[in-house]
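Student: Take a look at the letters that make up each chain.
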Amino acid sequence: MVNLIWLLMLLSGIIVAGYNGRIEVVTEASLEAAQTAVNLAFELIGLMAMWLGLLKIAEEAGLVGLLARLLRPFTRYLFPEIPRDHPAIGSIIMNLSANILGLGNAATPFGLKAMQELQTLNNRPEEATPAMCTFLGLNTGCLTLIPATIIGIRAAANSTDPTIIVGPTILATGFSMIVAVIADRFLRKLYNGFRGDGR
Amino acid sequence: MTEIILEVSRWAIPLVLFFIPLYGYLRGVPIYETFVAGAEDGFKVAIKIIPFLVGMLVAIAIFRASGAMDLLARSLNPLLRLIGVPGEVLPLAIMRPLSGGGALGIAAELISNYGPDSFIGRLASVMQGSTDTTFYVLTVYFGSVGVRRYRYALALGLLADISSLVAAIVICRLMFA
Numbered sequence: 001m002v003n004l005i006w007l008l009m010l011l012s013g014i015i016v017a018g019y020n021g022r023i024e025v026v027t028e029a030s031l032e033a034a035q036t037a038v039n040l041a042f043e044l045i046g047l048m049a050m051w052l053g054l055l056k057i058a059e060e061a062g063l064v065g066l067l068a069r070l071l072r073p074f075t076r077y078l079f080p081e082i083p084r085d086h087p088a089i090g091s092i093i094m095n096l097s098a099n100i101l102g103l104g105n106a107a108t109p110f111g112l113k114a115m116q117e118l119q120t121l122n123n124r125p126e127e128a129t130p131a132m133c134t135f136l137g138l139n140t141g142c143l144t145l146i147p148a149t150i151i152g153i154r155a156a157a158n159s160t161d162p163t164i165i166v167g168p169t170i171l172a173t174g175f176s177m178i179v180a181v182i183a184d185r186f187l188r189k190l191y192n193g194f195r196g197d198g199r
Numbered sequence: 001m002t003e004i005i006l007e008v009s010r011w012a013i014p015l016v017l018f019f020i021p022l023y024g025y026l027r028g029v030p031i032y033e034t035f036v037a038g039a040e041d042g043f044k045v046a047i048k049i050i051p052f053l054v055g056m057l058v059a060i061a062i063f064r065a066s067g068a069m070d071l072l073a074r075s076l077n078p079l080l081r082l083i084g085v086p087g088e089v090l091p092l093a094i095m096r097p098l099s100g101g102g103a104l105g106i107a108a109e110l111i112s113n114y115g116p117d118s119f120i121g122r123l124a125s126v127m128q129g130s131t132d133t134t135f136y137v138l139t140v141y142f143g144s145v146g147v148r149r150y151r152y153a154l155a156l157g158l159l160a161d162i163s164s165l166v167a168a169i170v171i172c173r174l175m176f177a
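Residue numbers (our numbering), protein chains in the order written: chain A, 1 to 199; chain B, 1 to 177.
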């Protein structure tokens with residue numbers, strides 16, 4: 001689907017430019033954009049490095065483990081079928097913490113580890129378990145406290161107040177996390193009722 | 001309410017910068033060395049997104065410079081204006097669940113084009129920060145363990161995405177419009 005959207009943007013752009021008799025803007029715009037992309041990525045290096053460095057400290061200092069213990073009531077409620085001290089819980093919390101800290105790319109390694117551990121609890125390896133669905137729903141609708149990447153982009157664009165969007169982001173993601181938790185319970189029931197096998 | 005949120009926005013990052021290193025130090029972690037070891041990955045991540053950014057920024061630049069984007073935005077404007085949403089953010093809303101790099105490209109474009117402190121710039125920032133790359137996460141996470149049947153995971157992910165998009169629009173209109 002990304003492929004189709006990309007193709008449609010390219011083709012429709014070139015067709016419209018040609019139709020308007022301004023085909024040369026395609027050449028200019030594409031070369032300029034490629035350069036912009038690299039500059040943007042370089043401006044992001046510092047920011048990403050800072051957050052990943054802090055995350056590493058949080059991990060080594062045991063903050064992640066502490067978080068796992070603090071959040072036990074929530075993980076018990078959200079993932080009732082995962083055994084109490086299963087390693088999947090720790091990975092899930094690390095992934096969600098990285099998401100909450102706005103470190104999307106740092107979250108991926110933890111997320112993949114969590115999925116591998118959840119898969120060890122799966123009797124039908126080709127099919128997602130309810131815990132996997134819950135985990136992915138939380139991942140998508142996760143509370144974000146610090147949208148670090150976008151703050152970096154705003155700062156790079158010389159915003160007078162790059163962090164002004166933090167509050168609205170916390171509110172919007174808090175709302176979607178609540179929606180995800182409620183929808184997960186609802187869809188789980190609906191799906192089980194539909195399948196009638198109680199799984 | 002707005003005052004409180006703005007204060008939280010101003011203090012969030014300084015507090016994290018204060019608390020995590022202090023906690024690590026008190027726990028006997030060699031904080032500087034640990035930080036450097038973690039920061040090393042930042043370079044890799046930033047380099048890894050360059051292809052996504054180039055691909056998307058080029059397509060978007062062509063799409064916009066040609067006038068095709070205006071054509072699309074104009075045709076959808078009346079509908080979006082009814083709910084107070086600038087048509088310029090529509091491509092971001094569509095791209096966000098599909099491609100993280102792509103959406104980041106669109107958001108960065110909107111921010112540099114309209115200014116980071118414009119309504120469009122702020123709305124794009126909140127939309128980008130609030131939603132997630134559902135299709136990517138689903139494909140990569142499930143793919144990594146060989147799960148082929150997703151159950152209701154896609155529906156759940158898209159529902160979460162749509163709810164954060166709507167919330168982002170409502171909150172931005174209340175705070176920034």
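No lab work stands behind these hints: they were computed from the structure. Just so it is clear, CB atoms sit at the ideal spot from N, CA and C, and this is done for glycine as well. Treat the hints with caution; some may be incorrect.
Derived contacts from chain A toward chain B, CB cut-off under 10 Å, selection only [what the hints assert, rightly or not]: (1) Ala58; (2) Gly62; (3) Leu70; (4) Leu71; (5) Arg72; (6) Pro73; (7) Phe74; (8) Thr75; (9) Leu78; (10) Gln116; (11) Pro162; (12) Val166; (13) Ala183.
Student: Please write out, lowest number first, the hints stated earlier that are contradicted by the structure.
Tutor: Structure breaks hints 3, 4, 5, 6, 7, 8, 9.
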